[in-house]
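Note that the protein sequences, when read in sequence, are chains D and C.
With the numbering used here applied, the first sequence corresponds to residues 5 to 303, in that order.
With the numbering used here applied, the second sequence corresponds to residues 797 to 975, in that order.
No wet-lab data here; the hints were simulated from the structure.
Check before you lean on any hint, since a few could be wrong.
[Stated by the list, open to error] Facing chain D, a subset of chain C residues (Cβ under 10 Å, in silico):
{"id": "1", "residue": "VAL819"}
{"id": "2", "residue": "ALA856"}
{"id": "3", "residue": "MET906"}
Small disclaimer: the values here were computed from a predicted structure and weren't measured.
Ideal Cβ placement from N, Cα and C applies to all residues, glycine included.
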Amino acid sequence: MMLICGTIPQEDFPLSIGTVKFSGKSLTVGAREILCLQGTAALTGAACVTTEYLGVNPPQALLVGDRGTGKGSRLLYEYLSKNLPPLAPRVLVLHYILPVMGLMKKVCESAQRCHQKPIMIADASSMYAAKAAGLATRFDVFTPDACEMAFLADPDATHPAYMSRHLFDSDITQTPELAAKAYQNRSAARLLLVKGSVDYIVEEGKIIETITEPDIPELEAIGGTGDTITGIVAAFTSAGLELNEAAILAARANRMAGRYARAAPASRIWEIIAQLPAVFREHLCAWRGSCGEMMVATR
Amino acid sequence: MGAFGKNKKEGFEGGGLILFRNVEEAIKAEKVLKAADYMVKLVAPPPLLRKGCDLALEIALVEQTGIERLFREKDVHYVEIIPMKGSGELLEIVKVKDFGEAMMVKAGNMKLTFDKKLGTILNISGGGCPDIPYLHAELIDKKLTCAIRPRENGFTLCALMLDRAFVESLEIWNRMEKP
Chain D
5 MMLICGTIPQ EDFPLSIGTV KFSGKSLTVG AREILCLQGT AALTGAACVT
55 TEYLGVNPPQ ALLVGDRGTG KGSRLLYEYL SKNLPPLAPR VLVLHYILPV
105 MGLMKKVCES AQRCHQKPIM IADASSMYAA KAAGLATRFD VFTPDACEMA
155 FLADPDATHP AYMSRHLFDS DITQTPELAA KAYQNRSAAR LLLVKGSVDY
205 IVEEGKIIET ITEPDIPELE AIGGTGDTIT GIVAAFTSAG LELNEAAILA
255 ARANRMAGRY ARAAPASRIW EIIAQLPAVF REHLCAWRGS CGEMMVATR
Chain C
797 MGAFGKNKKE GFEGGGLILF RNVEEAIKAE KVLKAADYMV KLVAPPPLLR
847 KGCDLALEIA LVEQTGIERL FREKDVHYVE IIPMKGSGEL LEIVKVKDFG
897 EAMMVKAGNM KLTFDKKLGT ILNISGGGCP DIPYLHAELI DKKLTCAIRP
947 RENGFTLCAL MLDRAFVESL EIWNRMEKP
């Protein structure tokens, strides 16, 4: 089971857990509908579309309303700290949650208590909290952009807004050096998917793949295009692919979906997500080198 | 009060410190923040960071934007908010990328893209704090000249970075020759 955890920008949205359905521009969890915007909704939408294409179980989502006050995030941390072992997700995705180091530690302790530790994926503020709390090495995948890669490389920074200026001046081409620093400082997950004009897949300190095509610079401007990559990685991982293959396929698919959508700076994220089935249908076999069925995870 | 509210501060690691000139200001600030349900803890500031009294407040650094706004509203005086480790200065620099008909301004981990002809906000990307999807929904399609600044509605450091991108975008827009 894949469990996606994050916040929704509706203060009155109660802590909810359940199977997610995606339809066009919105998600539904139980009887509640959520517009598919930047953030956890975009990640979840991409994960839903990908799992549906692959014919595997849709994601479960643990969502709560939080407009930034942190109240919903604290409920979510508390729930995960108590309930991860019985939930026993195979893949755990931590996303837009107010980054509080002490509370992230409790979640990681809870994950350690699972009969089998989940495959742990973090992006956005959950990645910030994991790195700042010194927990990065407990994670299997981080999906930073170029700025966040510089943040991971800064040994002392606890948020990208406070990282060293010389690191912020880095660009995507300096990812190899920044990744090396991050691994040296134990501030990186086992695998990094660094998103940018060049996507880097870095596994345990070694760059195993770079992806540059198709080149769609407009994707950087569109809110949610980083979130969708993380959702696709999680879905492929949930379907049983190795992390490195999941990451490579996700980076390729996201770019190609941008091309199919004719991405422009004003595009909306659901327009990109809507293209994913066609991208998979037309390219997945070639990218994988075969059309063999995915090894479907059973749990 | 949830289980992680003000009474569960033991071991709290928020990563940020508020420094004060005197103890009275620190006590008042603690009271104001607790009343607003912020996680806070009175601590002794490390000697190297001390800039006034012997009391400081540990906060979740990411909540700096909301805390500063609350202090303005409640007339709470403080010296500064700083991270407990690392660079003590917020990133000031911004980067600009021109898409032809649109301009993207990056500040820290946040990016704002606006239409060069109309001055409307086309997109917001980057970041990862819980207030960003809300600000995204609030700001998209608004004119830069009419939109409410992100720091007025946001709570986090991501919102503060977005505010910097917004201010820079507005300055660029104001300098542009209009058709």
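Status of the hints after comparison with the structure:
Evaluation of the VAL819/C hint against chain D yields a violated restraint, the C-beta minimum of about 25 Å exceeding 10 Å. The criterion of a C-beta within 10 Å of any C-beta in chain D is met by ALA856/C, whose closest approach is roughly 5 Å, and the hint holds. The criterion of a C-beta within 10 Å of any C-beta in chain D is met by MET906/C, whose closest approach is roughly 9 Å, and the hint holds.
In summary, the one numbered hint that this structure violates is 1.
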